[in-house]
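Each protein sequence line maps, in turn, to chains W and B.
Using our numbering, you'd call the opening residue of the first sequence number 1459 and step up by one each time.
Using our numbering, you'd call the opening residue of the second sequence number 441 and step up by one each time.
Everything labelled a hint here was simulated from the structure, so no lab data went into it.
For glycine and all other residues, C-beta sits at the position ideal for the given N, C-alpha and C.
A portion of the hints provided could be inaccurate.
As the list claims (entries may be wrong) - Just a sample of chain W residues kept apart from chain B, beta carbon distances all over 12 Å, derived:
id, residue
1, Lys1522
2, Phe1542
3, Gly1557
4, Gln1571
5, Trp1662
As the list claims (entries may be wrong) - Straight-line Cα separation of at most 25 Å, SDA-like style, residue types lysine to any residue; simulated pairs:
id, chain 1, residue 1, chain 2, residue 2
6, W, Lys1600, W, Arg1578
7, B, Lys721, W, Val1711
8, W, Lys1647, B, Asp846
9, W, Lys1672, B, Tyr520
10, B, Lys756, B, His821
11, W, Lys1647, B, Val788
12, B, Lys819, B, Ala762
13, W, Lys1672, B, Lys759
14, W, Lys1735, W, Asp1550
15, B, Lys525, W, Ser1747
16, B, Lys771, W, Asp1626
17, W, Lys1528, B, Ala634
18, B, Lys759, B, His821
19, B, Lys612, B, Ile598
20, B, Lys561, B, Thr526
21, B, Lys525, B, Ile598
22, W, Lys1672, B, Asn473
Unchecked claim - Output of the computed footprint for chain W on chain B, the stretches with three or more beta carbons under 8 Å from beta carbons of chain W:
id, segment
23, 518-524
24, 550-556
25, 584-597
26, 647-657
27, 817-824
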Amino acid sequence: MLNIEVGVKYKSKLYFHMSNLFIPNPKEAESIHILREVAAQFERPVLLFSGGKDSITLVRLAQKAFFPAKIPFPLLHVDTGHNFPETIEFRDQLVAELGLELIVRKVQDSIDQGKVREERGRYASRNSLQTTTLLDAIEEFKFDACIGGARRDEEKARAKERVFSVRDDFGQWDEKNQRPELFDMLNGKIHVGQNVRVFPISNWTELDVWEYIKTENIAIPSIYFAHRREVFFRDGLIWTANEHVFREVHEEVVEKWVRFRTVGDMTCTAAVLSEAKTLEDVVAEIRESTLSERGARIDDKRSEAAMETRKKVGYF
Amino acid sequence: MDIQGRKLIKIATAGSVDDGKSTLIGRLLYDTNSLTTDKIEAIERSSKQRGYDYLDFSLATDGLVAEREQGITIDVAHIYFNTAKTNFIVADTPGHVEYTRNMVTGASTSQVAIILIDARKGVIEQTYRHFFIANLLRMSHVVVAINKMDLVNYEEDIFLKIKADFDGLVAKSSFSEEQITFIPVSALKGENIARQSEAMPWYVGNTLLDHLEVLEPQDLQESAVARFPVQYVIRPKTEAYHDFRGFSGKLYGNELQVGDRVAVLPSGNESTIKSIHFFEKEVKAAAPGASVVISLEDEVDCSRGDMIVKVGEEPKSEKILAATLCQVNSKVLQVGQKYILQHGVNRVLAKVDRIEAKVHADFSGEEDTTQLRLNDIGKVHFRLSKPIHYDSYQNNKSNGAFILIDEGSFDTVSVGFID
C-alpha cells in the first residue's frame, strides 16, 4: 500500500516532463561525467563554494549528476571575512534549500593563529591568504578531491590546467609534470597526502556559464545585477568603498550604477559600470563586452605571470 | 549543439616550432573578436616591449612563464572562441619531436586536425608525424594550412608543390576516410584566415574560418552500437525514492531507449530498460554523448565498471588484448611489466605479454623492439587480470581506447587503441 503511494508521488510530482529523444548539451554532459567520476574515484571530495556564479553552476551540475539522490559531498567556503554580505546570504539560502552540508573556514582564524600575515596598504587583499586556510581545511578533513569552478578561458595559465589536477602535500601545482588526459578517461589515482583539484567546467566560457544560468533559471547573488553602490576609481578600475578596502584620502567616493562580473573578495573584485538588471541584460552585456572577466580582477594585474605564480603555491 | 543551438567543433592544432601556430590561433581569436580589449592591450604592450613592429598574436596563447621566456609552447593549451553559428575549442599542441604525446592528447578530444606547414620549408618529417597521429586517432577532418605565404610572395606554385608532396603522404596511409583540405594562409597578415586573400586570387576555396564553420565533423566509426559504462550507482534512499536504483553513466556509440532489451556485462544478466532520466526529466530515448541515469526492470547485479549494452550487440569480453600503444610518459614500457589498465571507467591489471613492433610515425614501417620509450608508438599484446568488454578503436572509439597507469607513481604512461 505504502509503495503504491510513493510511486504515485514520484510519477506525478517530480517527473513533469516526458520527451522523446534526449540530445545532450555536450559541455553539460561532460561536466556531469566529471562530477560522477569524482564521486566514484575519491573517498572525501568537497566542492569549493565561493558564492560566485561558477560555483553556483557547479552546484546545479552536481544536482543533475546525482538526482534523485542528494549531492554526495559537502561544500567548503573559505571565508576571507571580506565577502559581499549579499553572497553570504545567498550561500546560506542555497544550502538550506538543497539540504547540503556546508563547511566554513575563516581566513581570520589563520591570521589569529599567526599562520599568515594581513597585507597592508593600497593593494591589501586577503585573496592570496585564502591558500593557507584552504590547505589547512584539506588537511583537517582529509579531503582528497577539491572541486572548483575555474575555467580555462579565464586566464592564460589556466588554459593548461587539467580536469583532474594532482597537487602534492603542499598544494603545489607542477605544470610541467601534468598527467595527460586522453578522451574522457580521468585518472584520479593518488598517493596518501596528495589531493586532486577538479575542474568540471574547464571547457566552459564565461558566456556559456551565463547562458546556462539563464536557460536553467538559476538564482544568483544580487550583486551580479546592476545596483547603486558607493565606489571609487583607481587604475582605471572601480573599487567598492568599504571599511575593508584601503582608500587614499584623495580617492573620492561616488555613487554609481554598477554590477560585478566575478564575485571574489571585496578587496580584489572590481565592479563594472552597468545597467543590466536582468539575466537577459547581463547575457547581452557579456556578448557585447570587450573587457575580459578577469580584467576586473585586481589580483591578476600585479604582473603578467601573476596567476601562474599563485597557482604554483596552491592557490585555487 | 549547445543550449543556444550552436555547433561545437573541437580542433587540435599541430605544427613544428616556428611554423606560426600560436600566431594562427591568436589571429583566429583576433579576427572573430574573441580577444578582449585588455588582452589586446597586453599583447600590444608585450610586443612593443620586445621591439616587434607587428602584433605578436602568439602572446595570446602561450601561457606559462617558461614558455614565454623560450618563446615556444610546451604543453596542451585549450582556447575557446565562437562565431554566431559555431563554438570552437582548440587544443593547441606543440610540435617538437619529443612532444608526440601532446598531439595525441589534444587529438583524442578533437574531431578536426589543423596541420601547419611553413611554406618556405614545405613538408618535413614533423608533418609526417602529425598526419600519422591524425590517422592513428581516425580524425574525420584534416586541414593543411600552408602558412607564411607572405614570405614566398604568395606563389601558387609553392602551394601546389607542397600539396603534391602531402598527397604523396596520403598515399602511404592506410586510413583514407578523412577529408583533407589545403588552404594557403598568412597568419601574421591575416590572409585567408577570416578574410579572403587578395594577394592570392588564384585560391578560390574557403578561408580557414569559413571552412571550419561549414564542416560537419563525425566520428568515423564503422559500426557504432550503444555502450553504457556504469559510472556510479544512484540510490537516493529517501522516502520519495525508496526503491529507486539508477545507473549513471555517459552513453556512447548509439542511442538507447526505454524498452530496449539489454545485457549487463560482465555477468551477462539480461533485463529491459525501464526508464531513462536526466535530472527531473524522464525521456524515452537518449542520444550518444548524454550523461543520463538508467533504471532496469529487474533487480540485476550492476555496479561501477559494468557495462550496459543491447542484447545481440555485445562487445568482445576477453582477458587478452592487442593494441597500438603510444607512450606518453618517460617511463619505459617493457615486456613483463604490470600496469593498471583503465578502459573507460573500468580498471583491471594488465601485464605486457609481447611487444610486436615499434611503428615508425613517419610511415616508414616497423622495427623489432623490446621496449617503448616516451613518444614511441608500438604494437603491444597484454594479458589482463579480468576480462574487459571492448570494441576495436575502429568500430567504437570510446570503447576501443584505454590508458595505462603506472602502479608506483600512478601517472598515466600510455594510451592504447585496440586492434
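Hint-by-hint comparison with the structure:
1. Lys1522: Non-interface label on Lys1522 (chain W) violated, nearest chain B Cβ at 4 Å vs cutoff 12 Å.
2. Phe1542: holds (23 Å)
3. Gly1557: Non-interface label on Gly1557 (chain W) violated, nearest chain B Cβ at 10 Å vs cutoff 12 Å.
4. Gln1571: At roughly 32 Å from the nearest Cβ of chain B, Gln1571 (chain W) sits farther out than 12 Å, so the non-interface label holds.
5. Trp1662: violated (8 Å)
6. W:Lys1600 to W:Arg1578: violated (32 Å)
7. B:Lys721 to W:Val1711: Given that 25 Å is the threshold and the Cα spacing comes to 50 Å, the pair is violated.
8. W:Lys1647 to B:Asp846: Holds - the C-alpha atoms of Asp846 (chain B) and Lys1647 (chain W) are around 10 Å apart, at most 25 Å.
9. W:Lys1672 to B:Tyr520: holds (21 Å)
10. B:Lys756 to B:His821: Holds, at roughly 16 Å.
11. W:Lys1647 to B:Val788: At roughly 13 Å apart (the allowed maximum being 25 Å), Val788 (chain B) and Lys1647 (chain W) satisfy the hint.
12. B:Lys819 to B:Ala762: holds (7 Å)
13. W:Lys1672 to B:Lys759: violated (49 Å)
14. W:Lys1735 to W:Asp1550: holds (23 Å)
15. B:Lys525 to W:Ser1747: holds (19 Å)
16. B:Lys771 to W:Asp1626: With Cα atoms ~20 Å apart, Lys771 (chain B) and Asp1626 (chain W) stay inside 25 Å; holds.
17. W:Lys1528 to B:Ala634: violated (47 Å)
18. B:Lys759 to B:His821: Holds: Lys759 (chain B) and His821 (chain B) sit about 11 Å apart, inside 25 Å.
19. B:Lys612 to B:Ile598: Satisfied, since the Cα-Cα distance of roughly 22 Å is no more than 25 Å.
20. B:Lys561 to B:Thr526: violated (33 Å)
21. B:Lys525 to B:Ile598: Judged against 25 Å, a Cα distance of about 34 Å means the pair is violated.
22. W:Lys1672 to B:Asn473: With a Cα-Cα distance of about 23 Å, the restraint between Lys1672 (chain W) and Asn473 (chain B) holds, given a limit of 25 Å.
23. 518-524: holds (count 4)
24. 550-556: violated (count 0)
25. 584-597: violated (count 0)
26. 647-657: This one is violated; 0 residues, fewer than the three required, reach chain W with a Cβ under 8 Å.
27. 817-824: violated (count 0)
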